[in-house]
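Please take these sequences and the hints and turn them into a complete structure.
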Amino acid sequence: MSYSIMKTNEDNEVIYQRTDADGLVRLTCLSVNPEFQAWLRANKDSLPNDIQAKIDAGELTIADAD
Amino acid sequence: MALSKIRSDSMADAAIQSNRNFVINGAMRVAQRGTSVTGLGTNSSGTYHTVDRFLVFANNTAGRFTMSQSTVTDLPGFANALKLDCTTADTSIAADEYILLGTRFEAQNLQSLKKGTSDAEPVTISFYVKGNANATYVLEIFDNDNSRTINKTFPVTSSWNRVSITYPGDTAGSGLGDDNEIGLQLVFWLHAGSNSTSGSLQTSWGAYDQTKRAAGISSFVDSTDRTLEITGLQMEIGEVATPFEHDANIETTLRKCQRYYYQVGYDGDNNYFGAGGVYSTTAAMVMLPLPVEMRAAPTSLYQSGTASHYGSWGNGATQVCSAVPAIRGSSSKTTCAIDLTFSSLNSATGTYVYRIVDASGYLGVHAEL
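So the sequence lines, in the order shown, correspond to chains Y and C.
If you want this note's numbering, it's the position in the first sequence, counting the first as 1, plus 5.
If you want this note's numbering, it's the position in the second sequence, counting the first as 1, plus 17.
Bear in mind the hints are in silico, worked out from the structure with no lab data behind them.
Cβ coordinates follow ideal geometry from the N, Cα and C atoms, glycine included.
Mixed in with the good hints, there may be bad ones.
Here are some, though not all, of the chain C residues that point toward chain Y, as calculated from beta-carbon distances under 10 Å [what the hints assert, rightly or not]: (1) Thr64; (2) Tyr296; (3) Pro315; (4) Ala343; (5) Ser347.
Dropping the structure here:
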C-alpha cells in the first residue's frame, strides 16, 4: 500500500489517500493522521514524488514518533 | 425484606467490584470492522482489523495469519473470542522480526493506578486462552508516557485455561498524563527475533530495553497448525483476579468502542446516513453525526474503496458518487464532515440526503489510539 495526494478541498485542506495492494482507495486522511504519519516515518527515504514535494515545500511535516 | 437483613459487606463488595475492568471489549463481542481478515503479518506499526480495540503489529516476518472474531461454544459464559490462525509459517527468524497483539488505554482513564508515586497500585491481568498445542508467550505492559515496560510469560495449551498475572505497582517514572493519548498498552508478544529476545526478560518495571521484551517465547508462526484464541481479558487493580466483569449489555460495549471507531454500514434500501449541502454540480458535503463523543476529532475515514457504493437523493433522483468519500478537516468529536463527489448533480442548490447504496459499502470514522 502507498499514500498519495487525493485533492485539495474547498477549505484548502490537502486530503491524502491510501491505495491498497488491490488498487482500491479505502482510506482518506488529513496530514496529522497517526497512521499516515507512521507511514511517512517508515518510508521517509523513498516517498512518492507528490508527497516529497509537499515536504520540500514545507507544507507537510513528518512528526516525531510518540 | 427489612433493610437490616441486607449484609452491608455484600453491598460494599458489589460497589467495589463494579467498573473494575480497564479493558474495553474484553469479551471480544464487538467487531465493527468485520469478523475476519486474512493475510496479516505485513509490516504494521499498529493496525485495527476485526475485534474492536485490538490491534496487530508486525515487522519483517514472512509469517501470515488470519485474525477473526471466533464463536466460542466450549467456554461457558463467553460467546466470542479473538482468534489468530497461522496460514504461512516463518521458521527462519530475522533479528528484527516480531508479531504483536495489543490493546491501548487512554492515560486519563488510568489515574487510579497512581503510577509513578509511592502509592502505585498493583494490577492483575486475567484472560482465557487456548491454542492448538503448548506454547509460551509474553504479556507486556508498556508505559508510553515514560517508556517503561514489565514483561511476564504465560502458558498456552490446547484447552481453555484462565491465566492470571499480577504486576506490581510502578513507583518510578513521572506517572501518566491526564490526557486522551496512550497511557499504557497491553502487548501480547507472539513471535520475535533476537533483537527482542537476547536479554533477560524484564519481569520487574524498568526502562524500555528492546532486548528484554520477549525472551523465552515460542513462535506463533512456527507452523501453519498454530492457532490462538483469547477472551475474557481483564485488567484490574489489586493482586487477585476476580471473575470477568461482563458489560451489562452489548449496547454498553458498543458505545465504549465507538469512542474510538464508529462504522455505519448498509442496512437496506433506506440507508441514509446524513444530509448536507452542495458546493457545485460535482461536490457535496455531508455531516455524519457520531453516536458518542469520540476520543478526538477524527483525522481519517475508511470506506469500501468503490465510489458507486455511495450516493445521494435529491430533486427526485438518486445518483451514485464518482469518487470515494473523503474526510474533511472540519470534523469534530461529535460530527464527521465528509466530501462526496459526483459527475453531475441534478442541481447545485437545495438539500440532498446521502446514502450507502450497496451492501459492501460502509463509512468508518477513526479516532483510535
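Evaluated hints:
1. Thr64: holds, 7 Å
2. Tyr296: Since the shortest Cβ distance to chain Y is 6 Å, the answer is holds.
3. Pro315: holds, 9 Å
4. Ala343: Holds, about 4 Å.
5. Ser347: With a closest approach of 7 Å, the Ser347(C) hint holds.
In this structure, every one of the numbered hints holds.
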